[in-house]
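Protein sequences, first through last, are from chains A and B.
Every position in the first sequence, counted from 1, becomes a number in our numbering once 299 is added.
Every position in the second sequence, counted from 1, becomes a number in our numbering once 980 is added.
Don't take each hint at face value.
Quick partial rundown of chain A residues pointing at chain B, CB under 7 Å, derived from the structure [said to hold, decoys possible]:
no.	residue
1	P318
2	N338
3	D344
4	I346
5	A347
6	H348
7	A349
8	Y355
Bear in mind the hints are in silico, worked out from the structure with no lab data behind them.
Because the structure is a prediction, the values reported are computed rather than measured.
Backbone N, C-alpha and C fix where the C-beta goes; we use that ideal spot for every residue, glycine too.
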Amino acid sequence: MSIDKYILAIITINPKKVPSGTAVFHCDSVEEMETITANLEAILDGIAHALTKETYVIVKH
Amino acid sequence: MSEYTLPIIFGVVIGTLTRIFMLRTDYRQYPTYLHGKIIHVALGFIAAGLGTLVVPSILEEDFTAVTFLTIAASQFREVRNMERNTLAELDSYELVPRGKTYIEGIAIAFESRNYLVILSSLVSTLGYLLFNIWVGLAAGVITFFVSKKLMSGGRLDDIVEIEFVEPRFDGAGLYVDNIYIMNIGLPARQEEVLRYGMGFILKPKNFNARSTIANLGQRQAILHDVSTALGVYRDSGTPALVPLAKRDLDDGRVGVFVLPQHKDVEKAIEIIGKVPTLENAIRMPTERNMKEEGNQ
Chain A
300 MSIDKYILAI
310 ITINPKKVPS
320 GTAVFHCDSV
330 EEMETITANL
340 EAILDGIAHA
350 LTKETYVIVK
360 H
Chain B
981 MSEYTLPIIF
991 GVVIGTLTRI
1001 FMLRTDYRQY
1011 PTYLHGKIIH
1021 VALGFIAAGL
1031 GTLVVPSILE
1041 EDFTAVTFLT
1051 IAASQFREVR
1061 NMERNTLAEL
1071 DSYELVPRGK
1081 TYIEGIAIAF
1091 ESRNYLVILS
1101 SLVSTLGYLL
1111 FNIWVGLAAG
1121 VITFFVSKKL
1131 MSGGRLDDIV
1141 EIEFVEPRFD
1151 GAGLYVDNIY
1161 IMNIGLPARQ
1171 EEVLRYGMGF
1181 ILKPKNFNAR
1191 STIANLGQRQ
1201 AILHDVSTAL
1211 GVYRDSGTPA
1221 LVPLAKRDLD
1231 DGRVGVFVLP
1241 QHKDVEKAIE
1251 IIGKVPTLEN
1261 AIRMPTERNM
1271 KEEGNQ
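I would like the entire structure built from these sequences, with the hints used as guidance.
See below:
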């Protein structure tokens, strides 16, 4: 058994709601969150998923 | 020149021609290169030789000579391995991979076509030696058509109805009809997906078809064929842009989401319909019931 899905980064405007243990990017606005997510998606080769309106996760598939 | 020279040449020619006929480069784009073709024509020639030689050996009552057919069997099993390894290696560099089930299907076809060549050489040489060249030729033509029939398998439009559905987003979830495909977070990516994406619903015509299209290999084959024929809006480093096929657990329908470069609904439906039903994916749960009922 190997782990084939993994959270690479979390981007959020509500830091209270996200776990520790993963790279978390705190943002001030939704626009900033989307920009950072788009950049990280390209850099990390993962897919950006919307967990809630305030939190995106980048997952490696 | 012995009495067998002409019949042997005749049988080998018929067998090799059958192999060349069966070696077609189509939308699967394989084998595209000249060397790949030469390998298979050469192996077809060997198979034709083996098939042909069986007849004179039997007529000369040299029965042990027939055991060389066992060597042929192991030889052609090796062909299957070779094809499987080559295609599996290449698959990791495809934007939309074929999948292991499709590769196994292609490898099996390569092996079995050599056996069809043995059959056609054997039958045509037998016809020539027992009667005359015309009977041999007729036997060759008949096996030619038998081979044609045997090598064409079923197609997807025999077992499913295909319907175009515009994909849509519900929050971050991408849906084709009511089938959930994947979660795409970024609004910019969502727009891209809606601009280029196409959705299709495959509705199984019966219970057997339901199990067949549920097979992950069969679904991957559909995605690969559509992406090969219509192009794919995708590159390495854009993992969000990925064609996917998901299943409706309630009724067994399959939602296919593709990102073709050439957005043509009619053509896409035609292509999905022509995807081969993979031998390894075919399931027939109802056959079991019928047989059991028959025994009672």
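Quick rundown of the hints versus the structure:
At about 18 Å, the closest approach between the beta carbon of P318(A) and any beta carbon in chain B exceeds 7 Å, and the interface hint on this residue is violated. Annotation: interface hint on N338(A) violated; nearest CB of chain B at approximately 11 Å, more than 7 Å. Because the closest C-beta pair between D344(A) and chain B is about 6 Å apart, less than 7 Å, the hint holds. For I346(A), the shortest C-beta to C-beta distance to chain B is roughly 5 Å, which falls under 7 Å, so the interface hint holds.
Interface restraint check: A347(A) against chain B, minimum CB-CB distance 4 Å, threshold 7 Å, status holds. Nearest Cβ of chain B to the Cβ of H348(A): about 4 Å, under the 7 Å cut. The hint holds. Against a cut-off of 7 Å between C-beta atoms, the interface hint on A349(A) holds, since the closest Cβ of chain B lies about 4 Å away. Because the smallest distance between the Cβ of Y355(A) and any Cβ of chain B comes to about 5 Å, under 7 Å, the interface hint for this residue holds.
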